[in-house]
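K.L.:
Residue numbers (my numbering), protein chains in the order written: chain A, 19 to 310; chain B, 645 to 881.
By construction, these hints were calculated from the structure, which means they are not laboratory data. Note that the Cβ used here is the ideal one computed from N, Cα and C, for glycine as well. Be a bit skeptical, because a hint or two may be false.
[Said to hold, decoys possible] Using 25 Å as the maximum straight-line C-alpha spacing, the simulated DMTMM-like pairs for lysine to aspartate or glutamate come out as follows:
id, chain 1, residue 1, chain 2, residue 2
1, A, K263, B, D699
2, A, K28, A, D238
3, A, K263, B, D876
4, A, K307, A, E115
5, A, K307, A, E33
6, A, K263, A, E224
[What the hints assert, rightly or not] Just some of the chain B residues that point at chain A, by a computed CB distance under 10 Å:
id, residue
7, N689
8, G697
9, Q750
[As the list claims (entries may be wrong)] Chain B regions said to be covered by chain A (calculated; three or more residues, Cβ under 8 Å):
id, segment
10, 708 to 715
11, 736 to 749
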Amino acid sequence: MCGIVGLFCKSPELEPRLGEHLAAMLVQMDDRGPDSAGVAIYRDPAPDGLVKLTLYSHDPELDWRARGLDVQSVRAGHAVVLVEGDADEAEAAVRREHPDLRVMSAGRVIEIYKEVGRPRAVAAAFAIADFDGTHGLGHTRMATESRVTTEGSHPFSTGRDLCLVHNGSLSNHNRLRERLRREGIEFQTENDTEVAAGYLTWRLREGATLEEALEGCLDDLDGFYTFLVGTADGFAVLRDPIACKPAVLAETDEWVAMASEWRALAVLPGAADAQMWEPEPCVVYAWEKALV
Amino acid sequence: MAVDTVTAAEVVDLAVMPLRELNQRLHDVAGDTPSPQRWQIVNPNGAHAVACGIDAPLEVEILGHVGYYCAGMNKRAFVHVRGNAGTGLAENIMSGIVLVDGNASQSAGATGRGGLVVVQGDAAARCGISMKGVDIVVRGSVGHMSAFMAQRGSLVVCGDAGDALGDSIYETHVYVRGNVASLGADCVEKEVGEHHVAELCSLLERAGLDDVDPVEFRRYGSARRLYNFEIDNAGAY
């Protein structure tokens, strides 16, 4: 199982209500993924010269401001902080100086929030409905390959302003994880999706475009997947060659949306008149701000 | 096959009535109590299993998009979806007609044993998988692995077909007007005889497609090499 949702605002008028619509979509996928849920929201760009990190603490009582971090907001164990300099350096500095914290996302616009529990409760805990933003994606998890933990929840960060959510299961993730570790990619869990995220991180680091990296999945990943990848400017969808994991795309003049099921799209304004179709296997579908 | 008649329809709002109650009411029609023959379902909002398991000559019109398994196991009823349909449309249909104005997701008409499924838009992957006697007419195109292990009935595709059409097919008749990306194991193109054109004419007429010329179709079916295991065919599996 697992449920995926994604919403991309073509019209700026929709941006103040991005979170409200994304939360409604996520809740519709509650019974596809009752174990955990998460979202990546693209919003509120960091000022020039600064990097935005989403950090996570296991300690719900943590005094974030006592850490000497430039904390912008705190939501249910997740804090958005601004750090000077390069994203890689910023992430390394947090790992070095705050080993108890996890870096959930890093970039200019991305924020990732994820937690165990029913999606409806997770959406409420993070007040997802209050977010504005240009686009966002979400996931509801029914765990198969690894434990139900915050770190094992989706989305997974795959690099600067990039993230991945996945419906399916991969069968060659153990061997691929070892191969990627030799390439210097770090992993925090035994989760199969984290390996796919690490694979994309590695390919992008080696100079591949997002489209090339995704097409590489068709050769190098064995298993079932519908992927939704968030980027600073939009999102992309890819299904494995068999395409047994569901996916529906919909588009109006106002928005583009992707979901595992029709009912998650039905909650969007104008859904009744949207163009809706099922994406084909092995085809990368991508939307970017610059292109619409 | 028009639904528009002068008799008033029983209107059910799925934003108000629980789905199980609606389906139970549709099932109760098969009993002895007098019931409405025309039904109109509003606000389906992508719900799963809408109008499943009907066994009565009803006309059911659904205004909007439906989720998985709409009109599954249908017997005798005419179910008209005025929107798109999710995975498994009319799965295991026994008889009657299921018509979708928009697109259908994967596995439309899967395992159907009789009746007619019409998709005015595109049907996605595995359309007609393991069909056992249903007739399926798609105005647009079908996705990959359509008619996989299809046993009886006919699949008519007015547009194109995706990869591996008719893989391991038995005796279903497959007609495609557009391009076929590739044929699956043991599926071959076959000659179109006069009785095939007549069959196509009948299917298109029943589907209400009067602007499609049956002469433009090509026919595909089983080469019958996989019926019994032979070691020489191992590479084809």
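K.L.:
Please go over all the hints and tell whether each is borne out by the structure.
P.N.:
Evaluation of the provided hints:
no.	hint	result
1	A:K263 - B:D699	violated, 31 Å
2	A:K28 - A:D238	violated, 33 Å
3	A:K263 - B:D876	violated, 34 Å
4	A:K307 - A:E115	violated, 36 Å
5	A:K307 - A:E33	holds, 13 Å
6	A:K263 - A:E224	violated, 29 Å
7	N689	holds, 4 Å
8	G697	violated, 20 Å
9	Q750	holds, 6 Å
10	708 to 715	holds (count 5)
11	736 to 749	holds (count 3)
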